[in-house]
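Asks: Given chain A's structure and the hints, the job is docking chain B onto it.
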Amino acid sequence: MSGIAVNAPQTIQLLMGNEAIARGALEAGVGVAAAYPGTPSTDIIDSLADVAKDLNLYVEWSVNEKVALEVAAGASLGGVRALTAMKQLGLNVALDFLANVSLTGIKSGLVLVVCDDPGALSSTNEQDSRNIAKMFDLPLLEPATAQEAKDMTKWAFELSEQISNVCLVRSVTRISHARGNVVLGELREVSARASFDTTQKPYTTIMGGAPQYHRVLHENLTKIAQIFESSPFNGYAGPERPELLIITCGTGWLYSWEAIKMLSLQDSVGILKLGTTWPLPGELVKRHMMKAEKILVVEEVDAFLENNLKVLAVDSLPGRDRIFYGKHSGHINPFGEINTDIVIRALTNILNTKYIIRDEAYRQKATEILNRYVVFRETQFCPGCPHRGLFWALKDSLRLDGQEGVLTGDIGCYGSGVGSTGFKQLKTMHSMGSGIGVANGLGKLEQFGFKQPVLATCGDSTFFHAAIPALINGIHSKANFILLLLDNSGTAMTGFQPHPGIPMNAVGDPAPAVDIGDLCRGLGVPVEIVDPYDIEDTTQKLLNVLRHSGRPRVIISQRECSLMRARSEKPLYQMDVVAHQCQGETCGCNRFCTRVFRCPGLMWNTNTKKVEIDQAICVGCGVCVDICPQSAITRKEIR
Amino acid sequence: MPPVCDYEEGDSMSLPQKEPLNLIIAGVGGQGNVLISRLIGQAMVDDGYKVTIGETYGASQRGGSVTSHVRISKDHQYGALIPEGQADIILGLEPMETLRHLALRGSPSTYVITNTRPIYPMCVATGEAEYPTLDHIQQNIDELSRKAWYVDASEIALNLGVVLLTNIVMVGALAGLKIMALKPDRFEHQLKAIFQKGKLDLNLRAFKMGLGHDFGQ
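Protein sequence lines correspond, in order, to chains A and B. Each residue of the first sequence is one higher than the one before, counting from 8 in my numbering. Each residue of the second sequence is one higher than the one before, counting from 797 in my numbering.
Next comes chain A alone, as it looks inside the complex (with noise of 0.2 Å):
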């Protein structure tokens, strides 16, 4: 049912906004489409993978998003248009190169779509990529529904060869994420005469004359805003003179045309729906601010739409008094996600009117049955996950060791080991291999006083995507620290994408795989190799590592993701609890198999006191059997 590739025009799928931004792709001929996974952007790439066979694309998982960028630059260099997705914090690993690129241009069609994340729903951070093109000078079109995702994709081609320069299209979660009805219009064949023109100045700014390309950039801003004067992604809807505008993006609009609709305002509330908002189309948006005295901005994170409203008031609508509202008033918060009932706040404060969200009393019943009834549900590592084995032996042998190692770690599943499913032993956690890169500096400490031993973690695809330049640097430095790869076969937290260690690509085609250790070897560092199924071993493994000091160390933790295992293996234990073996609350172990492992598969049974194996939750990885004192906890092997 996946629509993405179906070649039937003028049909409706109810499409998810990723899925539509895929097929605006395919509908604007799209050749090549390379990114790096990244919650909420992976979706893109991973329906264009499905199709790609099929509509003969080519779709690659690229190392990192600077590459993948990179690799679609390269495409559209050679006359094919590309496409490129990433997540906001993705994009910062891309920026060295689209600085460069947005200088020089390209040939055919290259769109970037950043996913930003407002609410940081699954980042680290809430960035507002938006700033981004207003950098470097690039148009920026923002949809605000799944069939604006779709159409103005395949617009950006289009406007990307206009200007011979990369278009950005920026969603955020609530539209990626979101489905809504989408008409589908042709597919497009993808043009099959690709080369080089050599002949051609040669595309850098190296020999002079980054100034003159800068100039350029801005005259195509000029040519942009003209062309946006007319797109039928802007528009206004409301009365001639409203008392209020509202001049609104991406999720905003329906938020916004929501709230006067609950708050029965048509007939003095205005919208300004804008979804071209850099350049900005000065022209139109004059026209309309000159309508209200009163302009609320309602926009997902930064101040980005205001503020650029606001300069263009100043400079071209000078000598009447306007009052904006938004983010700078305290109206639109400017941090976190927004939503409905938060443009029903601001239109009841700024037009003095009154509106009852709910009733008081079932709010106040509401929020008591809430805090007296329902309980969190925390972030845990799955069933038989590789990681869980892993932080239980560091947290061992750390003990054991009594130097008070320090974790440092980055993105990934693995990320979750701050928190008590990781037995809290991860201490620093920020961007893509970043774990690596701040022991390298706690690594060079010791002429300093510093004597604890220095520990980090890191994925298998993460490795390859940043980590590689840190482990060369600790070489190098002679760092003092260990590196933990957890190598779970897979870019996990994503949907199991394969990376260069992975021997299939991302259309399932057999790829060559680089090998971790090989790699690591060849660069000279000691390696050893242990299973985080064997906490004893990985105990003592870590141990006789952690007292050997004065270099960088590596040790690879090899086991697949139990859900990416599951989906073709069987268990390879049948797990049980000897009733009787099992002491319950009068064993002195406090619990120690559910309230300290933490594993979803152990249940503590209040009733009987007892532990018991949760057999519909239970994958039979067998590691809890070494942790009960009593030896309660069986395991039979699964032929």
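Since the hints were derived computationally from the structure, they do not count as laboratory data. Note that the Cβ used here is the ideal one computed from N, Cα and C, for glycine as well. Do not take every clue at face value.
[As the list claims (entries may be wrong)] So the derived label-pair ranges between C-beta atoms look like this:
| hint | chain 1 | residue 1 | chain 2 | residue 2 | range |
| --- | --- | --- | --- | --- | --- |
| 1 | B | A925 | A | R327 | 56 to 66 Å |
| 2 | A | T641 | B | G844 | 55 to 65 Å |
| 3 | A | E576 | B | G844 | 41 to 51 Å |
| 4 | A | E592 | B | K988 | 44 to 54 Å |
| 5 | A | K208 | B | E815 | 57 to 67 Å |
| 6 | B | A925 | A | T593 | 14 to 24 Å |
| 7 | A | K301 | B | K988 | 51 to 61 Å |
| 8 | A | H437 | B | G994 | 41 to 51 Å |
| 9 | B | D931 | A | P636 | 32 to 42 Å |
| 10 | B | N955 | A | T435 | 42 to 52 Å |
| 11 | A | G242 | B | E815 | 18 to 28 Å |
| 12 | A | G343 | B | H872 | 18 to 28 Å |
| 13 | A | H225 | B | L960 | 51 to 61 Å |
[As the list claims (entries may be wrong)] Heads up, simulated EDC-like pairs for lysine to aspartate or glutamate below, C-alpha to C-alpha not over 20 Å straight-line:
| hint | chain 1 | residue 1 | chain 2 | residue 2 |
| --- | --- | --- | --- | --- |
| 14 | A | K372 | B | D938 |
| 15 | A | K268 | B | D871 |
| 16 | A | K577 | A | E567 |
| 17 | A | K451 | A | E411 |
| 18 | A | K372 | B | D931 |
| 19 | B | K974 | B | D842 |
| 20 | A | K301 | A | E290 |
| 21 | A | K317 | A | D144 |
| 22 | A | K431 | B | E924 |
| 23 | A | K372 | B | E880 |
| 24 | A | K293 | A | D322 |
| 25 | A | K616 | B | E924 |
| 26 | A | K617 | B | E924 |
| 27 | B | K814 | B | D842 |
| 28 | A | K114 | A | D204 |
| 29 | A | K617 | B | E926 |
| 30 | A | K268 | B | E880 |
| 31 | A | K361 | B | E880 |
| 32 | A | K372 | B | E939 |
| 33 | A | K577 | A | D541 |
| 34 | A | K141 | A | E290 |
| 35 | B | K974 | B | E815 |
| 36 | A | K268 | B | E815 |
| 37 | B | K995 | B | D981 |
| 38 | B | K943 | A | D366 |
| 39 | A | K616 | B | E926 |
Replies: Structure of chain B alone, referenced to chain A:
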């Protein structure tokens, strides 16, 4: 109890009176929440509606709560989040999640239909917190809703041999209540579009079991 909509099977003119109809599907990662929101949504789209679905599933594979906001309208596309107090129906796959979302988004006019089998959060499995008794959950759901129906959907699914069918049983039960204009044949058509023969039969049976569920009233 006046129904939200009133249609006869096969009557293509039937529409929900509520505009838009706001349906929340509440559950836990792994229960197939996102799948049924998509299938219900596409069934309504095929019937001529405009549907928006907002899904929150950040850490769903890791035991988190998963919620879908399904918004169904005759003529408008709505935003992906249902405003506070505006949920018309809560379809719950797990009783405590049902209560959570009723308390967060419900009002005295919200209908509730929920599965009764708990999935314990980590802190309950570890003995650090208590899961409320089903009686307490029911009492609170009854108090906060206009009317609530309880289905032992997991038991029904287990009797069919696959607990994963719980979500499909629940959609059947929802369609059987006729509190929204979800036409059984439209939904069955969606099942036929995504499942192969063996799995399809099981899913159709699960849907029919839900559809014919006797609420004892």
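Asks: Give a verdict on every hint.
Replies: Okay, the hints, checked on the actual structure:
1. A925/B <-> R327/A: 56 to 66 Å: holds (59 Å)
2. T641/A <-> G844/B: 55 to 65 Å: At roughly 58 Å between Cβ atoms, G844/B and T641/A fall inside 55 to 65 Å, so the hint holds.
3. E576/A <-> G844/B: 41 to 51 Å: Hint holds: Cβ distance 45 Å, inside 41 to 51 Å.
4. E592/A <-> K988/B: 44 to 54 Å: holds (53 Å)
5. K208/A <-> E815/B: 57 to 67 Å: holds (60 Å)
6. A925/B <-> T593/A: 14 to 24 Å: Once the Cβ atoms are compared, 22 Å apart, the range 14 to 24 Å for T593/A and A925/B holds.
7. K301/A <-> K988/B: 51 to 61 Å: holds (54 Å)
8. H437/A <-> G994/B: 41 to 51 Å: holds (48 Å)
9. D931/B <-> P636/A: 32 to 42 Å: With Cβ atoms ~37 Å apart, the hint holds.
10. N955/B <-> T435/A: 42 to 52 Å: Since the Cβ atoms of N955/B and T435/A sit about 50 Å apart, the hinted range of 42 to 52 Å holds.
11. G242/A <-> E815/B: 18 to 28 Å: Once the Cβ atoms are compared, 23 Å apart, the range 18 to 28 Å for E815/B and G242/A holds.
12. G343/A <-> H872/B: 18 to 28 Å: holds (26 Å)
13. H225/A <-> L960/B: 51 to 61 Å: holds (57 Å)
14. K372/A <-> D938/B: Between K372/A and D938/B the Cα gap is close to 12 Å, so the pair holds against 20 Å.
15. K268/A <-> D871/B: Between K268/A and D871/B the Cα gap is close to 14 Å, so the pair holds against 20 Å.
16. K577/A <-> E567/A: Distance of about 13 Å is within 20 Å: holds.
17. K451/A <-> E411/A: Holds - the C-alpha atoms of E411/A and K451/A are around 17 Å apart, at most 20 Å.
18. K372/A <-> D931/B: holds (18 Å)
19. K974/B <-> D842/B: holds (18 Å)
20. K301/A <-> E290/A: holds (19 Å)
21. K317/A <-> D144/A: Answer holds: K317/A to D144/A is near 19 Å, not above 20 Å.
22. K431/A <-> E924/B: holds (17 Å)
23. K372/A <-> E880/B: holds (15 Å)
24. K293/A <-> D322/A: Satisfied, since the Cα-Cα distance of roughly 11 Å is no more than 20 Å.
25. K616/A <-> E924/B: Distance of about 13 Å is within 20 Å: holds.
26. K617/A <-> E924/B: holds (14 Å)
27. K814/B <-> D842/B: Holds: K814/B and D842/B sit about 19 Å apart, inside 20 Å.
28. K114/A <-> D204/A: holds (10 Å)
29. K617/A <-> E926/B: Answer holds: K617/A to E926/B is near 15 Å, not above 20 Å.
30. K268/A <-> E880/B: holds (15 Å)
31. K361/A <-> E880/B: holds (16 Å)
32. K372/A <-> E939/B: holds (9 Å)
33. K577/A <-> D541/A: holds (19 Å)
34. K141/A <-> E290/A: Status holds; Cα separation ~19 Å.
35. K974/B <-> E815/B: holds (16 Å)
36. K268/A <-> E815/B: The given pair, whose Cα atoms are some 11 Å apart, holds under the 20 Å limit.
37. K995/B <-> D981/B: holds (18 Å)
38. K943/B <-> D366/A: holds (18 Å)
39. K616/A <-> E926/B: holds (13 Å)
Going through the hint list in order, the structure satisfies each hint without exception.
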